[in-house]
Amino acid sequence: MGQFEWHPLAMAAATTTAWVVIATGLLQIFFYLVQLVFAAISLTKRPPVVRSSMLWCRYAEQAPPIAVLAPAYNEEVTIVESVSSLLALHYPDFEVVVINDGSSDGTLQRLIDYFSVTPVNRYHDLTMTHQPIRAVYANPRIPRLLIVDKENGGKSDALNAGINVARAPLFCSIDADSLLESDALLRAVRPFVENPDKVVAVGGTIRLANGSRIAGGRVEKVCLPRNFLALVQIIEYLRAFLMARLALSHMQALTVISGAFGLFRRRLVLEVGGYSHGTVGEDMELVVKLHRHMRDLKRPYRIEFIPEPVCWTEAPEDLTILGRQRARWQRGALETFAKHRDMLFNPRYGRIGFLGFGQVLVVDVLGPIIEVIGYVLIPLLWAVGLLSLQYLLAFLAITFTFGIFLSVATLILEEVELRRFPHASDLVALTLVAVVENFGYRQLSNVWRLRGLWQFLRKHQGWGQMTRKGFQTA
Amino acid sequence: MISLGDLWTVSIALSGLALLIMAGLIITRLVAERRQRASRAQRSKLLPLLLGNVCDTTLLNLRREGPDVLGQLTTELIELVRGEERAQLVATATRLGITDALRRRLKVGPTRARVAAAEVLGHFPDDHCTAALEEALDDRDSGVRLAAAQALASSDRAPPAQLLIERLRLGTTEHSMLMVTLLGEVARERPNEVRALIDQDEVPAPVRAAAIEALGSSGDYLLVGVITALALAANDDTPELPRYLRALGAFQHPAALPAITRGLTSSTWWVRAAAAEAAGRIGLSETAECLRRMLDDGDWWVRFRAGEALVRLGGPGQQLLAETCHCGSDRARDAARLTLAELAIAA
Chain A
42 MGQFEWHPLA
52 MAAATTTAWV
62 VIATGLLQIF
72 FYLVQLVFAA
82 ISLTKRPPVV
92 RSSMLWCRYA
102 EQAPPIAVLA
112 PAYNEEVTIV
122 ESVSSLLALH
132 YPDFEVVVIN
142 DGSSDGTLQR
152 LIDYFSVTPV
162 NRYHDLTMTH
172 QPIRAVYANP
182 RIPRLLIVDK
192 ENGGKSDALN
202 AGINVARAPL
212 FCSIDADSLL
222 ESDALLRAVR
232 PFVENPDKVV
242 AVGGTIRLAN
252 GSRIAGGRVE
262 KVCLPRNFLA
272 LVQIIEYLRA
282 FLMARLALSH
292 MQALTVISGA
302 FGLFRRRLVL
312 EVGGYSHGTV
322 GEDMELVVKL
332 HRHMRDLKRP
342 YRIEFIPEPV
352 CWTEAPEDLT
362 ILGRQRARWQ
372 RGALETFAKH
382 RDMLFNPRYG
392 RIGFLGFGQV
402 LVVDVLGPII
412 EVIGYVLIPL
422 LWAVGLLSLQ
432 YLLAFLAITF
442 TFGIFLSVAT
452 LILEEVELRR
462 FPHASDLVAL
472 TLVAVVENFG
482 YRQLSNVWRL
492 RGLWQFLRKH
502 QGWGQMTRKG
512 FQTA
Chain B
91 MISLGDLWTV
101 SIALSGLALL
111 IMAGLIITRL
121 VAERRQRASR
131 AQRSKLLPLL
141 LGNVCDTTLL
151 NLRREGPDVL
161 GQLTTELIEL
171 VRGEERAQLV
181 ATATRLGITD
191 ALRRRLKVGP
201 TRARVAAAEV
211 LGHFPDDHCT
221 AALEEALDDR
231 DSGVRLAAAQ
241 ALASSDRAPP
251 AQLLIERLRL
261 GTTEHSMLMV
271 TLLGEVARER
281 PNEVRALIDQ
291 DEVPAPVRAA
301 AIEALGSSGD
311 YLLVGVITAL
321 ALAANDDTPE
331 LPRYLRALGA
341 FQHPAALPAI
351 TRGLTSSTWW
361 VRAAAAEAAG
371 RIGLSETAEC
381 LRRMLDDGDW
391 WVRFRAGEAL
401 VRLGGPGQQL
411 LAETCHCGSD
421 RARDAARLTL
431 AELAIAA
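Quick mapping for you: the protein sequence lines, in order, are chains A and B. Going left to right, the first sequence walks through residues 42 to 515 as the working numbering numbers them. Going left to right, the second sequence walks through residues 91 to 437 as the working numbering numbers them.
I should point out that these hints are in silico values taken from the structure, not numbers from a laboratory. Do not take every clue at face value.
Under 8 Å between C-beta atoms, here's a sample of chain A residues computed to sit facing chain B [stated by the list, open to error]:
#1 T85
#2 R87
#3 E102
#4 T168
#5 P237
#6 Q431
#7 A438
#8 T442
#9 I445
#10 A465
#11 V469
No residue lacks a Cβ here, since even glycine has one placed at the ideal position from N, Cα and C.
Could you put together the complete structure from these sequences and hints?
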């Protein structure tokens, strides 16, 4: 039987499709490789990771006051422990502003009872708009603590209220479930002390606390989780923080500071209107607004990222919740990209327009769509004889083997420079996960991101339900 | 140029190489874990010996057993203790030759290790260490330069302040707030050198501001006139102007009045806020009426500082706040009412 001959047009269409998929994949890999190199450079140049006592000696005298803004919504079970751990942070001058965002449970009452706070008058800024503040509570015996009770308006709304009430020149925004290292503020303030005229915001490395032993709101012993999804997310967080954010910060093109921990110059955040309402990517959007503002004003500035772990968070261990979270992250990135699309490749915005937004375009906007198209079409086109084997192998290289290389290379970087995983057995487990995640999990993650795209296109609002498992306490 | 067909081969080779390196690192880690256990045991053995009085022969024997552990533990302890205990440990470390290793580390290696070495060397007063730290003042890395300068300054071995500024490029390429700490250390023993920086026009403005802040707690009231003159000569948007005003506030001397009065009417909000704060700290009752007007300022921070300053002025200031509660604009009324309410003072 003679071999079936395809029409040249069909062959050309198949080849073009394959080239688009491969070229986009290669572009992504190129971005990642550049990031890997910059992350390595940045890590070798990083300042000494000294003990807290030394940090105190070095920076305490010049460290500016910080307001830690902790928004809380229905956190009745954990709020007292979280606030107690925040009050125990090692920093010379800070205040903790807890914003009860109209919780429907007993969050506020728990705070009132435990900290014996009473309503007080506080003269505060009104620059930011947010849902009305019902009352401000304090206790003169705990001068660092301030509790703001306001009507429900979401996380960005709560943070905006906190920014208004705060009186420190810097504020640190955290998530309700963030566990901070005791010296987190001292570490994160370093760029502000060393480059006070230019630094406008600082992000820090977020690590996953799943599997670790927690006591008194602190991570006491770092252990790997047993749940596969949590393990995969450890590799993902390594790639996101150790590689991407560190490198982009080194290139001065960082577009995201995680909502779990970020230190900002209050005044500049006020100038850009604070956190935006009606977006799930408010953390990314704030950073982009700061870039835009400073570029528009033609003022020199820096947005820094520190590789030291400053904050721990809980990763979802359930496919449904993880899928929702990833779709939401994707939607947040797309919302910010769409809102500020005029910055893309706009010379006025320099490297943030080309590198920062270029990366968002290739990795977040086009990446998932084209990769999923590739999964469907390339094997199919090869199977029916429209593509030769070399196209299929090139596609497999891009989606699987280069992925393994990048994940393992990040792990190598971590081990050579930071050594944060306590046992050799942890490294073995993570190396295995770095390989395995490329077969199945990566594809699933792309499907979740497509769901995020769909939600974005349908102008879907809201966060979806996020169920917390709760930290495993000692 | 890599062809399409080569992509697969290259990716396999890269992944294989990465996995191979990772395997090597895991083996290294296993060895390191074993060594770590041994070094932990060694540390527990060394700790009481170092803190007690032990003869040199014993220590030299211990050094032969584990020079790195001994070096690390000694430097850690030096940073932890003070007074005689520190002097004793420094003497022991010098006899054991630990400073040789530190001096080597100051020259070669990653920045973080060199900064750490500079910090520790500051505790060793001998000439070799001083020379090594002085050499580090010209290091390629600004962090190492600054750490070396601070190490020297903390033990009163820093070169003249003027020279320090040039070698560290303070105020030109180096803008760290740590320069205030550094100049403060220098000023502890040689205040005149730091004082002289303020008068020199060729000294960069950020260094002069840092020198002023470093001398803020000196109680040298002669500085008030100098700082006042600097504040009066500065442009409205000079970044150092609020620092001058805050320093004047710290001196709490009424001779600062002309600079404060000018600052209160500045077109820049942060200057107005700093001037209001200083007026309150000094207790300049002459500024009370101006401060009252500032309760209607367009910037919240200025209104807040004005209210705070009026409270600090005592009875007359609080009287003005109480009056504003009834007769000012909405904005001023709110500022006055809430400022008084926050301090539980009846309007």
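- [ ] Could you tell me which of the numbered hints above are not met by this structure, giving the numbers in increasing order?
- [x] Failing hints: none at all.
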